[in-house]
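Enquirer: Going from the sequence shown to our numbering is simple: count from 1 and add 1115.
Possibly wrong hints are sitting among the right ones.
[What the hints assert, rightly or not] Pairs of lysine to aspartate or glutamate, EDC-like flavour, derived with a Cα cap of 20 Å:
#1 LYS1130 <-> GLU1230
#2 LYS1131 <-> GLU1144
#3 LYS1214 <-> ASP1161
#4 LYS1130 <-> ASP1189
#5 LYS1236 <-> GLU1162
#6 LYS1130 <-> ASP1193
#7 LYS1236 <-> ASP1161
#8 LYS1214 <-> GLU1162
#9 LYS1130 <-> GLU1174
#10 LYS1131 <-> ASP1217
#11 LYS1214 <-> GLU1194
#12 LYS1131 <-> GLU1174
The set of hints was computed from the structure by calculation and includes no laboratory data.
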Amino acid sequence: MPLLIDHIDAIAREKKRDVLFVHFENYVEDKDLEDNARETLMAWLDENGIAYMPCMGLEDDEIINSYLGDLYIDLPFDEDNPSYQILSDHLEDEEGNMKIEDVYFYVLSLEVALEIEAERKAAQTFNDQNEAPFDAGRLS
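Using the sequences and the hints, build the whole thing.
Expert: Next up, the structure:
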């Protein structure tokens, strides 16, 4: 059965805050391996009581993407938050480099998520205003 997965920018708008997510570069190639990075990280998140859920990348009306394994991490982007510190220490070194190969840790700001929605709505309005009617006939 198909699963409805929210885009990360929609999650940011719903939560009304910056959001964290993890991308797995080789998800498609590695998803059937028992010890893939995604499964390992999900087990670690479970062990540390950190909630997460599947998410899509940024919404783009022009492209339909398959699910690529991204995970929304249900923690605020707050460097003083103990759970955020544990997560960040697990994923990044002191310079902010990723510790786990092919795993990328991101923050999406609410500001950018709102800009994405505004641009999408403006494009939709433009398209709606400039659509040719269906009964215009065939072009020769």
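Enquirer: Are the hints correct? Go through all of them and say.
Expert: Here's how the hints hold up against the structure:
1. LYS1130 <-> GLU1230: Holds: LYS1130 and GLU1230 sit about 15 Å apart, inside 20 Å.
2. LYS1131 <-> GLU1144: Status violated; Cα separation ~34 Å.
3. LYS1214 <-> ASP1161: holds (19 Å)
4. LYS1130 <-> ASP1189: holds (10 Å)
5. LYS1236 <-> GLU1162: violated (40 Å)
6. LYS1130 <-> ASP1193: holds (14 Å)
7. LYS1236 <-> ASP1161: violated (37 Å)
8. LYS1214 <-> GLU1162: holds (19 Å)
9. LYS1130 <-> GLU1174: Roughly 16 Å separates the two Cα atoms, so the pair holds.
10. LYS1131 <-> ASP1217: Not OK: LYS1131 and ASP1217 at ~29 Å, beyond 20 Å, violated.
11. LYS1214 <-> GLU1194: holds (18 Å)
12. LYS1131 <-> GLU1174: holds (17 Å)
Checked against the numbered hints listed earlier, the structure breaks hints 2, 5, 7, 10; every other hint is satisfied.
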